[in-house]
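Residue numbers (our numbering), protein chains in the order written: chain A, 1 to 490; chain B, 491 to 980.
Just so you know, the hints here were simulated from the structure itself, not pulled from any lab data. A portion of the hints provided could be inaccurate.
Pairs of lysine-lysine residues, derived as DSSO-like cross-links and limited to a Cα-Cα distance of at most 30 Å, are as follows [unchecked claim]:
| id | chain 1 | residue 1 | chain 2 | residue 2 |
| --- | --- | --- | --- | --- |
| 1 | B | Lys-942 | B | Lys-917 |
| 2 | B | Lys-785 | A | Lys-254 |
| 3 | B | Lys-751 | A | Lys-347 |
| 4 | B | Lys-744 | B | Lys-537 |
| 5 | B | Lys-820 | A | Lys-328 |
| 6 | A | Lys-47 | B | Lys-837 |
| 7 | A | Lys-47 | B | Lys-512 |
| 8 | B | Lys-946 | A | Lys-98 |
| 9 | A | Lys-326 | B | Lys-816 |
| 10 | A | Lys-57 | B | Lys-751 |
| 11 | B | Lys-512 | A | Lys-249 |
| 12 | A | Lys-57 | B | Lys-547 |
| 13 | B | Lys-744 | A | Lys-22 |
| 14 | B | Lys-588 | A | Lys-450 |
| 15 | A | Lys-47 | B | Lys-602 |
| 16 | A | Lys-22 | B | Lys-816 |
| 17 | A | Lys-330 | B | Lys-544 |
| 18 | B | Lys-567 | B | Lys-544 |
| 19 | A | Lys-54 | B | Lys-547 |
| 20 | B | Lys-537 | A | Lys-22 |
| 21 | A | Lys-452 | B | Lys-588 |
| 22 | B | Lys-820 | A | Lys-295 |
| 23 | A | Lys-47 | B | Lys-946 |
| 24 | B | Lys-898 | A | Lys-295 |
| 25 | A | Lys-326 | B | Lys-818 |
| 26 | B | Lys-818 | A | Lys-57 |
| 27 | A | Lys-347 | A | Lys-57 |
| 28 | A | Lys-347 | B | Lys-946 |
| 29 | A | Lys-382 | A | Lys-427 |
| 30 | A | Lys-347 | B | Lys-744 |
| 31 | B | Lys-820 | A | Lys-54 |
| 32 | A | Lys-450 | A | Lys-328 |
| 33 | A | Lys-98 | B | Lys-602 |
| 34 | B | Lys-917 | A | Lys-347 |
| 35 | A | Lys-47 | B | Lys-917 |
| 36 | A | Lys-328 | B | Lys-751 |
| 37 | A | Lys-54 | B | Lys-946 |
| 38 | B | Lys-537 | A | Lys-326 |
| 39 | B | Lys-512 | A | Lys-254 |
Number of protein chains: 2
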Amino acid sequence: MSKGITSRAEDYSQWYNELVAKADLAEHSAVRGCMVIKPYGYSIWEKMQAALDKMFKDTGHTNAYFPLFIPKSFFTKEASHVEGFATECAVVTHYRLKNDGNGNIIVDEDAKLEEELIVRPTSETIIWNTYRGWVQSYRDLPILVNQWANVVRWEMRTRLFLRTAEFLWQEGHTAHATSGEAIEEAERMLEVYADFAENWLAVPVIRGIKTPNERFAGAVETYCIEALMQDGKALQAGTSHFLGQNFAKAFDVKFTSKEGKLEHVWATSWGVSTRLVGALIMSHSDDQGLVLPPKLAPIQVVIVPIHKTDDDLARIGQFADGLIAKLKSKNISVKYDDRDTQRPGFKFAEYEMKGVPVRIALGARDLENNTVEIARRDTREKQTISQEGLDLYIENLLTEIQQNIYNKALEFRTQNTREANSYEEFKKALDETPGFISAHWDGTPETEQKIKEETKATIRCIPLNNKKEEGVCIYSGKPSSQRVLFARAY
Amino acid sequence: MSKGITSRAEDYSQWYNELVAKADLAEHSAVRGCMVIKPYGYSIWEKMQAALDKMFKDTGHTNAYFPLFIPKSFFTKEASHVEGFATECAVVTHYRLKNDGNGNIIVDEDAKLEEELIVRPTSETIIWNTYRGWVQSYRDLPILVNQWANVVRWEMRTRLFLRTAEFLWQEGHTAHATSGEAIEEAERMLEVYADFAENWLAVPVIRGIKTPNERFAGAVETYCIEALMQDGKALQAGTSHFLGQNFAKAFDVKFTSKEGKLEHVWATSWGVSTRLVGALIMSHSDDQGLVLPPKLAPIQVVIVPIHKTDDDLARIGQFADGLIAKLKSKNISVKYDDRDTQRPGFKFAEYEMKGVPVRIALGARDLENNTVEIARRDTREKQTISQEGLDLYIENLLTEIQQNIYNKALEFRTQNTREANSYEEFKKALDETPGFISAHWDGTPETEQKIKEETKATIRCIPLNNKKEEGVCIYSGKPSSQRVLFARAY
């Protein structure tokens, strides 16, 4: 922690990159576009996984696992699906290396696969091919399955967590007897994601549906949650798709209904990924480093002893032991850092960089006065308080920090969401004060595309429960019945 | 559950395949050698993961994530490593598909990778290439990292869980300043595996080291745990490798020691996989289906109502609610199966097939008599007992079942471990009463290889803390100082 990082104002993108490195979250690997998620970064992802997994199970889902590879022929069965993914997929063509006789290890051309395998970019095709064997009757439905897995999309421009060739995610794939039930499921899971984003990540999100242009390849309707980052760019934080009968038809998955009729099954899929770690970083962190919501912080409280003598250290350690026991019994994760290789100031900067929500410093004078110095990461405020009831104080403080971080992000979003009533206003807003822009749109893909080309802003979503309002499209001047949400996006 | 499965005596291999299918554990996928782990099978794996993950963390390890792909050049840097894995690896050569103009989706030859990527069969190479950037000084050591991941080995003959082209596993990769510390780590993790096998899977294991022939490709020493299946074949249930400085040298990972000297880092790696699900199945199950140790059973207790009237069902349901609440407070997972689409007999057979440790049947007469009928899966004994203190009874019963399953497996192993003092005896034992055979061996790879070719038996391990005993090799007649453990193996 010898030096700080570039400030957000100076260079937001550079700030992000340096923060990810200095906070020990992730790094680029030797494999193009693939990242190494370092232990500290991975422990945040693990906390996300645990919370989400519980939410999925509480809504009736179970986990399963499907193959990493998808035969090329499956991949191409759903027309818009392959169109969406074909240009960025890793292809396995051989299954063996050999020594060429000169000591070089080369690909063995005798071990060429009859049919190429695609490393899954998403698993609808292999899963629906499997579901064909699982469904005969309405009694076999619904299937409510989730998978935690790695997927690969050969992105040309990558950024740690936000866009990488390989990433970790979960993908839910459900099968239903009716269209209505599938839509209900897609909407339920969107609400789970929104709940998770707001109550765990402390990131307020707009729930909405995507325009046809921005829909998942193969979906009838794509629901999404959209968050606003501190640089005013939007980030899609999760999607839930109503797939209609598209994949059931492509893979011939039928069931006999209660009425004895043979029908195609209805589908949903929904996913969030390690991208959420990127969203988390960019939503809350500051020029001193990471700011983590307590619910996802691997270490919630750190205790740093400030001592001159070994005797001081022993007494501080004794006090710390007692506090740690009390905090652990409240399920608060706490670290006591008595490393003698680093000074307190170094440790303070390190835990600030790593976003530990609460820091306690404790010296010999504190022991005499029955006090501790407590610093919260979110506001960077320090306070000297009594040791009396400290565990309860910390428990409440963590709750308060979680709420405060959310409120701050919500306030930022409110301040950076505005209406534009002309294309001039729209472009000015985008350039001067980026954020969400609520504007009328004529509903055509052509207009959407033009605006995107000219301004790099896309329609993030049509918010759910959108207010109907007569107006005219900012681009074409044609009539419009509602505003949609534009932004430049990650 | 309309019909049973082939008995073990009739055809053990067929019994296994049918059991895996009927108990809804896994199935073959459309991709050669890759399996679909179905929800019930996956939930057993999840329980294994949770227990192991806690054990890893309790011994100071953290999780991280490294790329799925390994550049071919990395893969070939450690000579014996590439030799061990090159003949069975999936190779990615392209990163795009395209439309050939005639409506066919083909591999885009313009998108050929400059360097082929290997889908990781194990991650030593990519991880040690990463560690080079993590280690400068002895202060950066040890690195105690684990990864939960999928890996691919292009096996030609596959069997669900036991041998599949893709499988799930964890791989620990640690880095140390001294040889002694690394050996200690490798031995510590072997003990973690043995503890897990015995106390969770209820599978007794022999702890040992592999002969050079059977060592991991790139290891200096391979520690292993070996279990005995009901057909008398051995199964390697986990390995822990002391890698010496082999990978540090191949990837130039050095550190400055306390004494200021530049030295290569010492390494270990250790892993267990979804293979353990196969070991679990084959160790305990019977001709009626799966037998699960309570600690890994996704459902520990099932309650089946036996009723004639709706009124009966309502009263049984009320009783079940109370019992479920009590069991849940003891962290016992319980399912109440009041499906009206199936008869009790069908349900009994289903839960037997799925290995649910305790089944409670409850009818109107039981309510009158204040009793329940309780059946344990392991012994298939039924008993009518009082409802008084039922939760405590069940809690104790689950502990007893866990222990009983282990004892049974241990007794089986004891009965099926014998000494052979001549090659004739050895071959006879193998054919008539397969199991572990303890025999003298001259310590040469040649003899080991000959015995393998002639009998298909391999040296499973040289047991740790092996008794020294003068003798002569059963094959060569040369002197030997200890017995080693042979078996035919999965």
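The hints, checked one at a time:
| no. | hint | verdict |
| --- | --- | --- |
| 1 | B:Lys-942 - B:Lys-917 | holds (11 Å) |
| 2 | B:Lys-785 - A:Lys-254 | violated (38 Å) |
| 3 | B:Lys-751 - A:Lys-347 | holds (28 Å) |
| 4 | B:Lys-744 - B:Lys-537 | violated (38 Å) |
| 5 | B:Lys-820 - A:Lys-328 | holds (21 Å) |
| 6 | A:Lys-47 - B:Lys-837 | violated (37 Å) |
| 7 | A:Lys-47 - B:Lys-512 | violated (35 Å) |
| 8 | B:Lys-946 - A:Lys-98 | holds (27 Å) |
| 9 | A:Lys-326 - B:Lys-816 | holds (27 Å) |
| 10 | A:Lys-57 - B:Lys-751 | violated (53 Å) |
| 11 | B:Lys-512 - A:Lys-249 | holds (28 Å) |
| 12 | A:Lys-57 - B:Lys-547 | holds (24 Å) |
| 13 | B:Lys-744 - A:Lys-22 | holds (22 Å) |
| 14 | B:Lys-588 - A:Lys-450 | holds (26 Å) |
| 15 | A:Lys-47 - B:Lys-602 | violated (38 Å) |
| 16 | A:Lys-22 - B:Lys-816 | violated (48 Å) |
| 17 | A:Lys-330 - B:Lys-544 | holds (19 Å) |
| 18 | B:Lys-567 - B:Lys-544 | violated (34 Å) |
| 19 | A:Lys-54 - B:Lys-547 | holds (21 Å) |
| 20 | B:Lys-537 - A:Lys-22 | violated (35 Å) |
| 21 | A:Lys-452 - B:Lys-588 | holds (25 Å) |
| 22 | B:Lys-820 - A:Lys-295 | holds (26 Å) |
| 23 | A:Lys-47 - B:Lys-946 | violated (47 Å) |
| 24 | B:Lys-898 - A:Lys-295 | violated (45 Å) |
| 25 | A:Lys-326 - B:Lys-818 | holds (26 Å) |
| 26 | B:Lys-818 - A:Lys-57 | holds (16 Å) |
| 27 | A:Lys-347 - A:Lys-57 | violated (39 Å) |
| 28 | A:Lys-347 - B:Lys-946 | violated (59 Å) |
| 29 | A:Lys-382 - A:Lys-427 | violated (42 Å) |
| 30 | A:Lys-347 - B:Lys-744 | holds (26 Å) |
| 31 | B:Lys-820 - A:Lys-54 | holds (19 Å) |
| 32 | A:Lys-450 - A:Lys-328 | violated (56 Å) |
| 33 | A:Lys-98 - B:Lys-602 | holds (19 Å) |
| 34 | B:Lys-917 - A:Lys-347 | violated (66 Å) |
| 35 | A:Lys-47 - B:Lys-917 | violated (54 Å) |
| 36 | A:Lys-328 - B:Lys-751 | violated (41 Å) |
| 37 | A:Lys-54 - B:Lys-946 | violated (47 Å) |
| 38 | B:Lys-537 - A:Lys-326 | holds (29 Å) |
| 39 | B:Lys-512 - A:Lys-254 | holds (22 Å) |
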